[in-house]
Amino acid sequence: MPGTVLLFPPDSDRSYREFEDAGSLLPPMGVASIAGNMRRQGLSVSIVDALAEGLSIDATVDRVLAADPAVLGISLISSSVFIAAEIARKVKARRPSVVVVAGGPHMSAVAEETMRRMPEFDIGAFGEGEVTAVELARALEANGGRPQDLDQVDGIVFRRDGSLVRTKPRAYISDLDTLPFPAYDLLPDLAKFYRLPGDCLKRLPATSMVASRGCPKECTFCDRSTFGRRFRSYGVDYLVRLIKHLMGKYGIRDLAFYDDNLMGSPPKLRAFCERLIAEKLELTWSCFGSVDFIKEDDFKLMKAAGCWQVSWGLESGSQRMLDLYRKRVKVERMERVLKASCDAGVDNRGFFILGGPGETKESMEETLAFIKRAPLANFHVTYFTAYPGSEACRTARDHGAYDDDWRLLNSFQPNFVPKTATRDDLDLYFKKYYLAFYFRPRIILYFLKKLVREPATAKTVWKGFKALSRFAFKRSSC
453 MPGTVLLFPP DSDRSYREFE DAGSLLPPMG VASIAGNMRR QGLSVSIVDA
503 LAEGLSIDAT VDRVLAADPA VLGISLISSS VFIAAEIARK VKARRPSVVV
553 VAGGPHMSAV AEETMRRMPE FDIGAFGEGE VTAVELARAL EANGGRPQDL
603 DQVDGIVFRR DGSLVRTKPR AYISDLDTLP FPAYDLLPDL AKFYRLPGDC
653 LKRLPATSMV ASRGCPKECT FCDRSTFGRR FRSYGVDYLV RLIKHLMGKY
703 GIRDLAFYDD NLMGSPPKLR AFCERLIAEK LELTWSCFGS VDFIKEDDFK
753 LMKAAGCWQV SWGLESGSQR MLDLYRKRVK VERMERVLKA SCDAGVDNRG
803 FFILGGPGET KESMEETLAF IKRAPLANFH VTYFTAYPGS EACRTARDHG
853 AYDDDWRLLN SFQPNFVPKT ATRDDLDLYF KKYYLAFYFR PRIILYFLKK
903 LVREPATAKT VWKGFKALSR FAFKRSSC
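The sequence shown begins at 453 in my numbering and counts up one residue at a time.
None of these hints come from the bench; they were simulated from the model.
Careful, some of the hints might be misleading.
As the list claims (entries may be wrong) - Computed list of lysine-lysine pairs in BS3-like fashion (alpha-carbon distance at most 30 angstroms, straight line):
| id | residue 1 | residue 2 |
| --- | --- | --- |
| 1 | K901 | K884 |
| 2 | K791 | K902 |
| 3 | K824 | K732 |
| 4 | K813 | K755 |
| 5 | K669 | K747 |
| 6 | K732 | K701 |
What the hints assert, rightly or not - Label pairs and their calculated CB-CB ranges:
| id | residue 1 | residue 2 | range |
| --- | --- | --- | --- |
| 7 | P719 | P454 | 45 to 55 angstroms |
| 8 | A511 | R684 | 52 to 62 angstroms |
| 9 | E843 | Q771 | 16 to 26 angstroms |
| 10 | E670 | D601 | 32 to 42 angstroms |
| 11 | D463 | F803 | 19 to 29 angstroms |
| 12 | D689 | Q771 | 38 to 48 angstroms |
| 13 | D601 | E564 | 16 to 26 angstroms |
This structure is a prediction, so every number in the text was calculated from the model and none was measured.
The beta-carbon is built from N, C-alpha and C at its ideal position, and this holds for glycine as well.
Turn these sequences into a full structure, and let the hints guide you.
As structure tokens, then:
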């Protein structure tokens, strides 16, 4: 019986530019979670991860149609919208009966605008997708596949009589433990097709997962339309069972938690760490965090539980820029937390944003000085990007030059230049940051030791070093 194909589309835009070889390729956890819930409800579902398999657009279309689907669900990030629309157009040209549903973070942010600009999509799904996908598949099966008769399904936008109809938002899933495990088995082989970035990799085999949803912070550059502001976490029992499943079935030894902020609930983080210690699992792990949630004495517990690295959303070393981003944190607090983490033996990986509204040469110099003095083992900077659905996007033109081409939304090429700086200024400091951080004896020694201690990761780390060198020396020195 025809079912649903869930597609993570290819990306021919080379999002990482010079860093393509060093970029990560993570399992699409949202797609896998939706597939797991559809399967548990008795629905026929399969996954095509065209990005992981390196499929062309035409090869992707062939793979989709080979499954003979009634419904094609496409997960959208902003930079892949046009590629997804082309795939949808080619699928419908060969099989007009296929109903194309577009979901994912981009659709959650700007559903109506996307549906207006992309007539190839029959339905847009916004918000969390697990329950919506089940209800939508059943509604389409019941009404003979008519995508214009779906008023009873929450969380969608569909077309009827030349107009768009938006149903009421779907309530967030309050108890995440009611969801089944993500359908890892429907994805391509984890070890063969997916990779963590070299600077977030401790040992192999490794993969990523999420332990929570939602972020209570109010940063101007973030869009929270998919998971909302309320922090919700999976229970400790659920997480330990899932970790044991990944270790037992796939041999996973290193996990990267890609939650927005694993530290959103310090008591739950401590309970999770205590359980990992009690289970005596042979596991290392890393996570993302925010310095205004963690208690400084928790790092020793995290270290004992196997945590070896925390990736921090630091954004800037300028207090003025932090205030403009509405980070609600002080530079001094950032420095204290980074020191406490380092003292406990947990590596710090810092993420910074360059070129937001109000950015000046002075603020960029402040950030450069912070990067040099902070106890960071790894570092990333991206251009400030006004993502659809964020406050920054709504106000971008008030503060500078803004290009709303969705294809620019990969953070490695700016879609915004503030009135207080030039594009040349941004490009210069982008390169300065990387050169100042990585080409220092301390950092070079850190990575040499990493290669010796963790030889299985050498290939990935070496690719990252080559990519960085190409970037650093392709133009004249700063």
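Status of each hint after checking the structure:
1. With a C-alpha separation of about 25 angstroms, the suggested pairing of K901 with K884 holds against the 30 angstroms cut-off.
2. Between K791 and K902, the direct Cα distance comes to roughly 21 angstroms. Compliance with the 30 angstroms bound is thereby established for this hinted pair.
3. Annotation: proposed proximity of K824 to K732 is violated, straight-line Cα distance about 37 angstroms (limit 30 angstroms).
4. As the CA atoms of K813 and K755 are separated by approximately 38 angstroms, the hinted pair breaks the 30 angstroms bound.
5. A hinted pair counts as satisfied when its Cα atoms are at most 30 angstroms apart, and K669 with K747 qualifies at roughly 17 angstroms.
6. This hinted pair checks out: K732 and K701 have alpha carbons roughly 18 angstroms apart, not beyond 30 angstroms.
7. At about 47 angstroms, the CB distance of P719 to P454 agrees with the hint of 45 to 55 angstroms.
8. Checking the proposed 52 to 62 angstroms range against A511 and R684 shows it is violated: the Cβ atoms sit about 38 angstroms from each other.
9. In this structure, E843 and Q771 meet the distance hint of 16 to 26 angstroms, their C-beta atoms being roughly 20 angstroms apart.
10. In this structure, E670 and D601 meet the distance hint of 32 to 42 angstroms, their C-beta atoms being roughly 39 angstroms apart.
11. Between D463 and F803 the beta carbon distance is about 21 angstroms. The supplied range of 19 to 29 angstroms therefore holds.
12. In this structure, D689 and Q771 meet the distance hint of 38 to 48 angstroms, their C-beta atoms being roughly 42 angstroms apart.
13. Hint check: D601 to E564, Cβ distance near 19 angstroms, so the stated range 16 to 26 angstroms holds.
In summary, the numbered hints that this structure violates are 3, 4 and 8.
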